[in-house]
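Put together the whole structure using the sequences plus the hints.
Protein chains: 4
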Amino acid sequence: MEQLDGNEGTSAFHMPEWMIQFADQKQEFNKRPTKIGRRSLSRSISQSSTDSYSSAASYTDSSDDETSPRDKQQKNSKGSSDFCVKNIKQAEFGRREIEIAEQEMPALMALRKRAQGEKPLAGAKIVGCTHITAQTAVLMETLGALGAQCRWAACNIYSTLNEVAAALAESGFPVFAWKGESEDDFWWCIDRCVNVEGWQPNMILDDGGDLTHWIYKKYPNMFKKIKGIVEESVTGVHRLYQLSKAGKLCVPAMNVNDSVTKQKFDNLYCCRESILDGLKRTTDMMFGGKQVVVCGYGEVGKGCCAALKAMGSIVYVTEIDPICALQACMDGFRLVKLNEVIRQVDIVITCTGNKNVVTREHLDRMKNSCIVCNMGHSNTEIDVASLRTPELTWERVRSQVDHVIWPDGKRIVLLAEGRLLNLSCSTVPTFVLSITATTQALALIELYNAPEGRYKQDVYLLPKKMDEYVASLHLPTFDAHLTELTDEQAKYLGLNKNGPFKPNYYRY
Amino acid sequence: MEQLDGNEGTSAFHMPEWMIQFADQKQEFNKRPTKIGRRSLSRSISQSSTDSYSSAASYTDSSDDETSPRDKQQKNSKGSSDFCVKNIKQAEFGRREIEIAEQEMPALMALRKRAQGEKPLAGAKIVGCTHITAQTAVLMETLGALGAQCRWAACNIYSTLNEVAAALAESGFPVFAWKGESEDDFWWCIDRCVNVEGWQPNMILDDGGDLTHWIYKKYPNMFKKIKGIVEESVTGVHRLYQLSKAGKLCVPAMNVNDSVTKQKFDNLYCCRESILDGLKRTTDMMFGGKQVVVCGYGEVGKGCCAALKAMGSIVYVTEIDPICALQACMDGFRLVKLNEVIRQVDIVITCTGNKNVVTREHLDRMKNSCIVCNMGHSNTEIDVASLRTPELTWERVRSQVDHVIWPDGKRIVLLAEGRLLNLSCSTVPTFVLSITATTQALALIELYNAPEGRYKQDVYLLPKKMDEYVASLHLPTFDAHLTELTDEQAKYLGLNKNGPFKPNYYRY
Amino acid sequence: MEQLDGNEGTSAFHMPEWMIQFADQKQEFNKRPTKIGRRSLSRSISQSSTDSYSSAASYTDSSDDETSPRDKQQKNSKGSSDFCVKNIKQAEFGRREIEIAEQEMPALMALRKRAQGEKPLAGAKIVGCTHITAQTAVLMETLGALGAQCRWAACNIYSTLNEVAAALAESGFPVFAWKGESEDDFWWCIDRCVNVEGWQPNMILDDGGDLTHWIYKKYPNMFKKIKGIVEESVTGVHRLYQLSKAGKLCVPAMNVNDSVTKQKFDNLYCCRESILDGLKRTTDMMFGGKQVVVCGYGEVGKGCCAALKAMGSIVYVTEIDPICALQACMDGFRLVKLNEVIRQVDIVITCTGNKNVVTREHLDRMKNSCIVCNMGHSNTEIDVASLRTPELTWERVRSQVDHVIWPDGKRIVLLAEGRLLNLSCSTVPTFVLSITATTQALALIELYNAPEGRYKQDVYLLPKKMDEYVASLHLPTFDAHLTELTDEQAKYLGLNKNGPFKPNYYRY
Amino acid sequence: MEQLDGNEGTSAFHMPEWMIQFADQKQEFNKRPTKIGRRSLSRSISQSSTDSYSSAASYTDSSDDETSPRDKQQKNSKGSSDFCVKNIKQAEFGRREIEIAEQEMPALMALRKRAQGEKPLAGAKIVGCTHITAQTAVLMETLGALGAQCRWAACNIYSTLNEVAAALAESGFPVFAWKGESEDDFWWCIDRCVNVEGWQPNMILDDGGDLTHWIYKKYPNMFKKIKGIVEESVTGVHRLYQLSKAGKLCVPAMNVNDSVTKQKFDNLYCCRESILDGLKRTTDMMFGGKQVVVCGYGEVGKGCCAALKAMGSIVYVTEIDPICALQACMDGFRLVKLNEVIRQVDIVITCTGNKNVVTREHLDRMKNSCIVCNMGHSNTEIDVASLRTPELTWERVRSQVDHVIWPDGKRIVLLAEGRLLNLSCSTVPTFVLSITATTQALALIELYNAPEGRYKQDVYLLPKKMDEYVASLHLPTFDAHLTELTDEQAKYLGLNKNGPFKPNYYRY
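Protein chains in written order, with the UniProt record's numbering: chain A, 1 to 508; chain B, 1 to 508; chain C, 1 to 508; chain D, 1 to 508.
Heads up, a few of these hints could be off.
One copy or two, either will do: identical chains are not told apart, so a pair holds if it fits within one copy or between any two.
With a straight-line cut-off of 25 angstroms between C-alpha atoms, the simulated DSS-like cross-links for lysine-lysine are [said to hold, decoys possible]:
1) Lys113 x Lys125
2) Lys465 x Lys491
3) Lys225 x Lys456
4) Lys309 x Lys337
Calculated directly from the structure, the hints in this document are not laboratory data. Predicted model only: the values in this text are computed from it and were never measured.
Right, dumping it as structure tokens:
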């Protein structure tokens with residue numbers, strides 16, 4: 001942590017002085033594998049490229065236009081055809097969605113205001129690959145306002161909101177994405193973003209690592225001009241650490257997935273609400289008095305447990321980590337092995353990031369009408385494959401709800417086929433996406449403006465000071481008034497009045 | 001974090017293999033000052049050498065024996081006089097207290113059992129300087145059972161339980177401590193522990209750094225044989241980092257204050273209960289409907305806020321750190337500046353570690369009967385000195401409760417003269433002390449058994465694996481059943497089945 | 001259940017005197033206080049005949065068959081045509097819905113089992129007028145199993161589930177109902193239930209009083225054979241008290257709306273969950289940190305406040321009743337006048353049963369994006385009419401969600417046009433409907449079997465013992481084990497071991 | 001307050017018929033259900049004449065003056081000797097206590113202010129028999145300010161605060177009470193209050209019924225002039241109902257024990273806090289993670305469960321009443337029989353009002369160190385007598401804490417020997433006592449001013465409007481702002497704008 005004393009050269013974007021010093025708080029990850037175990041502990045909202053998106057419904061697609069966007073000739077009102085979307089005519093509807101999202105993304109709007117004088121991303125050529133939603137659009141247009149040029153593809157073949165893509169294309173963003181891409185389409189879109197005559201990206205914003213992977217594979221020379229990669233997904237971060245470990249990471253990369261603020265919102269605060277929403281929308285069940293077992297007491301598990309307890313459920317917890325286990329005890333939950341309660345519970349929720357936490361054996365022992373769902377990582381936690389056997393009957397009773405029926409008539413209620421409940425059967429609030437998008441924007445600014453040598457060919461966490469800045473940009477939403485240290489107090493505490501306020505190991 | 005791959009040589013104490021590898025998770029702190037800012041963020045239960053101890057009442061001292069223990073000739077029943085306590089005859093009463101404490105310190109008792117075969121501290125000569133209470137006695141006797149010889153002094157001139165000291169002396173421990181030592185007595189007792197013919201310590205267990213300081217000053221050569229220092233207080237840890245920074249730390253030291261488990265219990269879990277207890281015992285107030293402002297939303301503040309909210313108080317929070325501020329918002333507390341609510345609140349609680357958080361100006365504006373107290377660090381948070389002016393009248397209405405009366409008749413109710421409420425007006429549960437004592441015992445074992453070179457002349461955090469071990473030893477208290485990873489799962493997660501289960505940056 | 005048959009003397013249920021005189025507390029509109037006041041304090045789930053029903057979606061109606069059911073010739077598989085439903089062919093789908101509902105209505109199923117020997121409703125001819133849903137079907141088939149003959153119409157022109165109606169018709173119930181009846185259809189259906197050759201009802205089960213009204217108006221002589229009316233809605237109960245007061249009630253009637261168990265579930269427990277569900281489904285908002293004002297702290301308000309507080313919202317309460325106001329204080333909510341917080345809150349929720357609680361003036365002062373909704377009674381609480389003025393623009397952004405836009409661009413988000421959020425934008429859990437249906441069934445049994453003279457031509461509350469019985473039938477759902485009094489204890493307490501366990505004024 | 005004078009016809013408070021007949025529901029031991037049952041459901045704070053009073057410590061009695069106050073000659077500074085207290089010289093200290101209490105009894109102070117013009121108790125001669133504490137003193141002096149003359153004795157031989165009694169005597173109140181009266185003293189004091197030349201009481205304020213009993217027995221003629229009795233204890237109320245039933249009640253009496261506001265505070269709000277306080281002060285235990293069984297889910301049980309759940313305990317509930325049982329389920333507690341959990345719990349708490357809820361058999365099966373205590377009624381709930389057998393050893397480890405030791409070494413920790421924990425080991429907050437005292441004052445005003453015929457020789461509940469008034473007088477403490485109905489709203493609801501706002505059966 002000696003870096004705090006560092007002297008840092010210059011930085012564009014006239015953020016308060018303190019921002020200049022961010023790089024010094026770097027946390028190195030390059031020397032060892034951040035094993036997948038690390039991956040398992042968090043659960044990025046954007047990670048799941050095969051999950052369905054309940055919120056990603058397309059609002060205006062009524063008639064099914066079966067022509068592939070790749071085969072269409074479209075131009076926006078300014079005559080540009082440097083984009084590929086489903087239907088440029090949906091732009092107006094998409095614009096309204098973007099405007100609504102802007103109202104709930106105050107931090108990005110604040111960044112835009114601050115950028116009216118200076119342009120911290122002037123000269124930046126950003127290629128991005130993320131979900132394409134109204135919130136992403138607000139991010140992209142913010143990056144534009146900060147001076148950047150952007151080209152964009154989707155990181156998921158289903159998640160694109162066609163209207164939003166149309167609105168972006170209409171306002172001049174080269175966007176290549178539509179809902180329901182084929183695998184081939186997917187890579188074609190990415191390629192159209194980077195393989196452009198007369199334009200070469202110098203920054204990458206990735207979500208899942210596919211874009212980064214593509215450039216590595218197809219255009220490795222491009223990295224010579226690239227100043228850095230910002231990656232927000234668990235999977236993508238994992239890939240970057242692997243590259244780094246293998247000595248193949250040739251530019252600095254920033255892991256924004258593990259930022260404090262983003263983590264708390266993606267996991268604890270978001271799941272505290274979405275567990276209730278996901279269960280209610282799919283089953284209309286009542287929570288009061290229900291017995292629930294939550295597997296895993298990380299941030300996601302903590303959120304689920306708190307919400308269900310508050311609604312009058314009786315909650316049991318399973319854990320493998322004794323420290324988290326002790327936390328569960330002190331928070332008032334009985335710590336059990338799954339086998340101990342599997343016969344009696346009404347709901348089983350997995351939040352472990354592990355695989356086969358709920359096995360066929362467990363499923364066999366559950367009582368009739370038991371609800372089983374996954375809030376954790378990917379779709380491995382419940383051994384859904386084990387249920388696809390001839391003696392069991394599957395009955396789809398609603399969208400995202402299957403009854404799996406045993407020969408004796410017992411049914412279990414499986415939600416989202418074991419995929420992530422909160423993505424499949426609930427929505428991610430704009431405010432959470434605002435945290436993520438702001439984190440991404442600040443990481444891009446930092447990497448782009450960092451003086452030579454601050455970042456090496458390695459994976460970094462977002463400097464704590466910027467993490468704090470993300471948080472502070474969101475406080476006005478709550479009409480929250482931060483206290484400032486007096487000079488005397490700052491001296492007493494040995495802190496800079498502008499932060500960072502905590503040591504790196506602080507646990508919040 | 002490359003250390004995880006390390007190959008570690010041998011270690012005594014047949015703990016599961018994994019324990020052997022602890023040292024690799026070392027966390028270096030030596031290269032930069034851990035400024036007092038860091039100190040301010042935690043609040044060790046043992047830190048305060050001048051705080052009064054409500055729980056440290058002496059049970060049997062009825063008649064006041066005014067003779068100084070130093071002037072008395074006392075022998076225990078085995079004829080030894082290598083101790084100095086108030087009254088060896090109180091041993092029986094103290095023994096009962098120790099026995100009661102044993103029942104609530106299951107982890108140490110478990111360690112004793114495991115040590116029946118091997119003696120991980122065989123040959124260890126430990127000199128200790130801590131509060132001398134029934135819980136410390138259980139620790140000392142555990143260290144003895146693990147093979148160590150111990151000599152002990154008190155780290156606070158008021159906190160010794162004379163009966164317990166007597167019981168320890170009676171059972172053969174050279175203890176030098178009594179309640180109400182003079183400054184001179186204090187150092188005399190410490191000296192008697194280390195300045196012994198034919199016995200030289202090879203391990204130090206310190207609480208506050210006074211013992212370490214004394215040896216540095218008086219017997220620097222003694223460090224040649226010392227294998228390590230274990231320090232649990234904020235202040236002592238701060239001193240060690242200063243020594244380290246100055247290049248003067250000549251043995252490895254372990255900072256057990258910042259262990260995850262200990263921190264959670266000392267701060268969050270303990271204060272969640274003691275804020276209620278401290279307020280109730282001193283004021284008999286009702287919590288329901290009261291307006292409270294809590295300054296600081298770290299672990300202590302979080303505990304205070306949660307408890308008071310649950311009791312029906314309306315809680316406001318002040319913060320300087322935007323991340324903690326955002327947490328307060330998401331937990332349902334209005335984030336304000338102190339000035340905004342100072343006129344309306346019924347209670348003001350400081351939990352910042354900062355100084356002059358509550359100023360005379362604030363105190364002037366409080367309403368009549370407002371209660372003011374400190375749960376934070378030391379006694380600096382409330383500017384009590386500013387109240388010692390001629391125009392204000394102080395009235396002591398109960399032990400630890402003063403009314404400070406303004407000329408217009410307004411009274412504020414000041415608790416413990418601004419010192420720590422939870423130490424002055426409440427008690428620390430044995431279970432919390434058990435966590436601390438177990439952490440200390442494992443740190444001693446680790447440092448004593450570490451192979452040459454694992455630890456350098458630096459300050460280390462307790463390896464995460466041992467932190468997890470402390471937690472696991474306390475799970476049986478709650479009849480809590482930990483789940484074990486299958487081989488397949490461990491492989492999937494890239495984890496050792498025995499832990500550690502989390503990366504070092506994990507925030508719990 | 002043997003008590004139900006009441007061979008225990010004249011007053012089988014030990015109802016205190018006052019119960020018989022309950023009618024004296026009848027509710028008039030004009031002459032004395034606390035009448036509609038009473039109505040305003042509860043909020044029956046079934047009351048609202050004009051509210052839309054989110055859960056009442058028809059599952060199988062894809063093609064729009066425009067022929068009126070009255071013009072169709074339909075027969076069920078046994079050849080009967082004594083019914084009128086949308087499409088008898090949908091019976092199979094409806095049957096599955098009924099079977100699913102059966103699994104969550106354990107109390108009715110338990111009644112069926114107990115009725116295998118005795119038939120407490122043997123000879124009963126029940127005419128019913130309620131919402132026709134899967135849960136109602138379970139009730140009807142239970143009444144059938146208990147020995148009754150039933151004929152049924154819908155109490156709401158929109159709420160009929162056509163498939164369920166078909167399933168009931170298929171299994172032999174004369175049902176006259178479909179989704180989307182005209183006013184004329186509505187009365188025609190009711191008439192078809194009562195105006196039958198060779199069949200005359202002797203019991204009425206009503207929800208809203210329309211059936212009762214029709215018989216009064218058209219077939220007053222029918223009351224000679226009718227043993228009683230069971231009414232569950234606020235409105236229907238109100239009408240009965242009016243009849244009673246006017247001396248026109250010619251049979252005993254039972255007010256099951258005010259039963260303890262039903263009230264708690266309809267209001268407190270149901271709304272604690274549906275407030276979150278209703279807000280989430282319509283707005284996808286995040287609750288954490290939001291400022292909310294809840295108008296009214298009755299059961300509904302208490303449920304809303306508890307849920308939102310638990311989700312991290314900051315909740316303010318308004319009240320007119322000082323006792324409820326003091327409860328709000330002790331539960332940790334600031335008690336304010338609406339004007340004090342109207343500018344700062346993010347959400348306004350009405351739960352008063354009153355009218356014009358939120359006025360145009362309040363609406364004018366709300367901040368941009370403020371959400372306004374009603375959980376109370378009817379659609380009078382928010383003065384929605386005042387928003388239908390030329391200077392304001394209404395924009396329907398989703399089903400049940402309108403943006404009302406001020407000239408300066410400010411938008412407020414109005415949910416369900418001020419109608420009941422929990423009925424319009426959420427669902428009523430089957431478990432809550434099970435409580436209601438069980439209460440109705442027991443009330444029918446009681447009235448039908450009551451010995452001559454127990455009930456006069458008046459309105460009664462369900463005997464407490466039966467209220468307790470409703471509760472006890474639902475305990476097995478939670479694997480809850482009730483303790484039984486010993487003889488000695490019952491004697492000590494002066495209680496019958498089988499209840500009732502509380503005096504009638506007990507407040508739960 | 002003008003409503004209190006009620007020129008609103010015969011039944012000013014629109015009490016329903018049944019209220020007048022309330023006496024019929026009187027509480028007997030043998031003859032009909034729901035009598036003592038009633039008693040068991042509430043738990044008056046003042047009921048227990050043999051419970052010790054932790055808060056009733058005498059502040060200034062250091063030297064033990066063994067002379068009986070009856071043998072002393074004392075005069076106050078005005079020369080009066082019409083009192084009998086321990087030591088008139090302690091008056092100054094007592095006065096300060098009274099002044100402190102005044103600050104927390106805003107409702108009585110408000111009544112004093114309102115009484116500056118009118119004197120609603122002018123001419124009233126009140127004889128009182130209650131605990132004599134600072135709070136009672138505030139009540140007495142308020143009654144004085146309202147125009148009454150008072151004479152006062154203690155209702156408990158231990159609970160008198162001598163300094164307060166001295167202060168009252170000094171300011172001219174004829175008080176006859178001291179801490180540590182003998183049985184003979186007790187009745188002598190009461191007699192001195194009523195047996196006075198030239199002064200005859202016309203109102204009685206009683207707590208326990210002893211004063212009423214004494215007058216019945218010794219001075220029955222006195223009732224000719226007495227306008228009414230106000231009684232606040234469960235026991236006293238029970239006695240009044242017995243008198244009434246026997247036709248021997250010769251004046252109106254008001255049962256203030258069952259007032260809504262008083263009940264909520266005495267039971268729910270008070271116990272929610274005192275359960276934690278009582279356990280903490282006696283055992284210093286930590287609540288987090290502890291398993292607790294609470295017997296009984298009435299108001300007291302609800303308070304205990306809510307508090308412990310909030311502190312992280314795992315709480316089980318036992319119940320005999322299915323409605324309360326269902327409430328426990330919906331609030332998230334597992335409903336069990338005591339036997340199911342007795343082996344595993346760390347704490348057993350009784351709140352039933354029943355007897356032998358915890359039997360010797362249960363005690364035999366508890367685990368080592370289990371804590372057993374009673375929050376319910378009287379000292380019958382735990383079969384303490386069964387523990388007084390030769391094979392068990394009792395060890396007093398602290399005041400109010402006994403270890404009962406089984407032959408095999410198992411200990412259970414019995415608090416307060418099974419008497420009420422919250423009275424024995426905690427304190428009753430002044431605010432709760434303020435509610436009670438205000439209720440008493442208003443009841444006295446009502447009875448004293450009621451027009452002829454409003455009250456007959458029967459037992460009444462406090463009119464709801466006055467209950468609401470008690471609440472409203474306490475709202476300013478919380479800076480709580482009540483909303484007023486508009487004329488239009490009042491008309492819509494059929495309510496008087498000044499209340500009462502609820503029907504009598506409303507459950508709050």
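Tested hints:
Taking the closest pair of Cα atoms, Lys113 and Lys125 come within 25 angstroms of each other only inside a single copy of the chain (21 angstroms); across copies the shortest separation is 65 angstroms, beyond that limit. Taking CA atoms no more than 25 angstroms apart as the test, Lys465 paired with Lys491 passes inside one copy only; the shortest distance there is 18 angstroms, against 36 angstroms between copies. For a Cα distance limit of 25 angstroms, the shortest separation of Lys225 from Lys456 inside one copy, 14 angstroms, qualifies, whereas the shortest one across copies, 43 angstroms, does not. Taking the shortest Cα distances, Lys309 and Lys337 sit within 25 angstroms of each other both inside one copy (19 angstroms) and across copies (22 angstroms).
The earlier numbered hints are all upheld by this structure, with none contradicted.
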